[in-house]
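In order, the protein sequence lines correspond to chains A and B. Residue numbering for the first sequence follows the working numbering, starting at 1 and increasing by one per position. Residue numbering for the second sequence follows the working numbering, starting at 1001 and increasing by one per position.
The set of hints was computed from the structure by calculation and includes no laboratory data. We put the CB at the ideal spot given by N, CA and C, even for glycine. Careful: at least some of the hints might be erroneous.
Stated by the list, open to error - DSS-like, lysine-lysine: derived pairs with alpha carbons at most 27 Å apart: (1) Lys1174/B / Lys105/A; (2) Lys1050/B / Lys1078/B; (3) Lys303/A / Lys1078/B; (4) Lys1224/B / Lys1174/B.
Claimed, not checked - Residues from chain A shown here face chain B by an in silico Cβ test under 10 Å; the list is partial: (5) Gly21; (6) His282; (7) Gly325; (8) Arg331; (9) Val332; (10) Glu333; (11) Leu351; (12) His356; (13) Gly360; (14) Ala362; (15) Ala363.
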Amino acid sequence: MASALDDILAKHAIIVCAGSGGVGKTTTAAALALRAARSGRRTLVMTIDPAKRLADALGLESLADEPVDVPLPGGGTLAALMLDQKGAWDRLVERHAPNAEIRDKILRNRFYQHLSQSFAGSQEYMAIEQLRALHESGRYDLIVVDTPPTRHALDFLEAPQRLADFLDRSVIRWFVKPYFSASWATVRMFNRTVGFLFRRLEEATGVSALVEVSEFFTAMAGLFENFEPRVRQVYQLLRDPRTGFVLVVAPEEQVLQEAEFFISQIERLGVSLRAVIVNRMHREVLVRGRPPRRQALMTVLRKLRAAPELAEGLAANFDDYQALGRGDMLRVEAFQRLVPRQAALVMVPNLPGDIHSLDGLAALHEYLFSAAA
Amino acid sequence: MSEASQTPSMLPPPAPPILHRRLWVVVGKGGVGKTTVSVLLAMWAAEHGKRVLVAEVDGAGRAASLLGVQPERLGVAKRVRPNLAVMSVEGAAALAEYLALILPVRRVLDVVFSSRIYQYFVAAAPGLKELMTIGKIWYEAERTDPETGDRVWDLVVMDAPATGHSLQYLGMPKAAREVFQTGLVGRESQRLVDLLSNPARTAVHIVTTAEEMPVNESVEMYHKISTDLALPLGYLVVNRLHQRRFDTGELQRLKANARRLPQADRVVAEAIVDRAFEEEGWSSINREYLQRLLERVQMPHVELPFVFAEEFGATHLERLRQVLSRQLAAREQNTTHHGFRLG
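Looking at chain A on its own, in the form it has when it is part of the complex (with noise of 0.2 Å):
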């Protein structure tokens, strides 16, 4: 019987795997290549900044635009493309830039250079851009996208539409017109508060780096024209029905509540949340639906004959594994009650150490896609 997320992988096209930072998410997103590419469908997996070793397992020596081929013992098309986070900005200003001296201007521009590298949403847009290119090409059934480490799970999905907001030309050409129109003299009469404002920018800022910022947004306005509907086109491919979303938990407070956001807001976005994986989950073991006893422990290291100082070690190390489960549990359990009931919940173990090689992400199959999960 295929389980659940089997199913996933075999009806859509795309799977973006949200959550946030450091939760497993990179390596959840290759597992579930892999899975995919060894069912037989030609698979590319979208990752971000992955382990050396893993990386080193995917093939991905260095940063490519380009998806490489990753060998694959058993058969199968599985290609891995790691995306490159810090010239996102950049790569955006050449792509639209409609000649070469617009688009060096800006690019020598300091006031681009210094804040190019924290300006929001860039990497996410780019991502997605990136996504739709190659979801078009035809090349492959299925993509599977990891999203950049934010804090919040939402921030990829809202990126696109701050960068719009950021963009919008109006906001863009406000901000250059004091100085397009050749004086602040038309400003502060056209509205004295923000003449005020700006005369006090120009006092705290000194001219030279406010004319720096000004030219800047004068070369980026007519840079984006057609922006806005490219950012709905990319909307639309995250709502399409064989676009399904994966969000990648840890049983931790704050892991939790930043997820259960997540879910609040899933209608709002109007994407589909297809499964909900739990890492990193410890369990806590019941016999007849009871944690066994210290005494009753002991017994049983009696049984298998071990040293009374190692017994000693070995309950205490139980116990304290115990109280972890049970911590986990409780804090799942209370979540669950919030994940819609039409996604899957799949819970993996805490299994000691990075996965680094194909082998150890196809191990990782044995709990992603038991099919009792």
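Please arrange chain B on chain A, whose structure you already have, making use of the hints.
Below, chain B alone, put in the same frame as chain A:
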């Protein structure tokens, strides 16, 4: 090599005691326990009679809840103990506060805050937000009581957001100074750069766990902080270390024995042995990456144990506080402090 044979002029000047500095910045990859460690460090300083403020940047008020209090609204300190307070700091709120200082007319402020230009500024120019956050934190560190003229805090502990972000925060004053060479922002940025890079006043602590990704990121951060940003370093705090050792050969033997037990006992026996394998697995990973980390990062370090708890609470915080205090006391005694102050 004996200490006497070292040429003093070849060595960097000894750093002033960590407790004399006025700003501690705590950085680290997401999920390694930065907020918990920030609170623990603050508690340690408070024990030594310092009046300490923990400033949680872009957080969810977790520092407050760890200490068992409800967080105050943004930018307002909440006293937790006589010597210890917490505050949530957020860039947009800090910018609003700053504008209120330079534009003191309420009506004007309201128009400014509701204008699209302002909205744009806050949303799309995060550099400004970061600059304002650092500015706000430094303002708190320098703030004096209007009546007595004394400083309100001896020490501000900044709980910075996850790695990429914290470096953006720390790098922003330098970037801003380069862009805005003249004017108020230029001067303010210069002042922040001076304060941040002064080893008599600031220390950057790095928090990590001993696993592959956090260690790689911490090594990268260490180089960026010490070389690119040239900021003074404090402690490297290695969090959540699994320390129990089990002999895997012995565990294999027990596992084989377990197979011969009747079903009911067997389930328990196997679970006991599996948990021991799990712990030994984590311990050996932690050992391997701790060693790797210490080879690459030249900072005094302290180690905190993994906490086994159903739910992390006050008793666990207290236990970690004791562990940290003991180690820091020993570290600080061994450090040769020459008792002079820079600047």
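(Q) Tell me the numbers of any earlier hints that the structure contravenes, in ascending order. (A) When the structure is compared with the hints, numbers 3, 9, 10, 13, 14 and 15 turn out to be violated.
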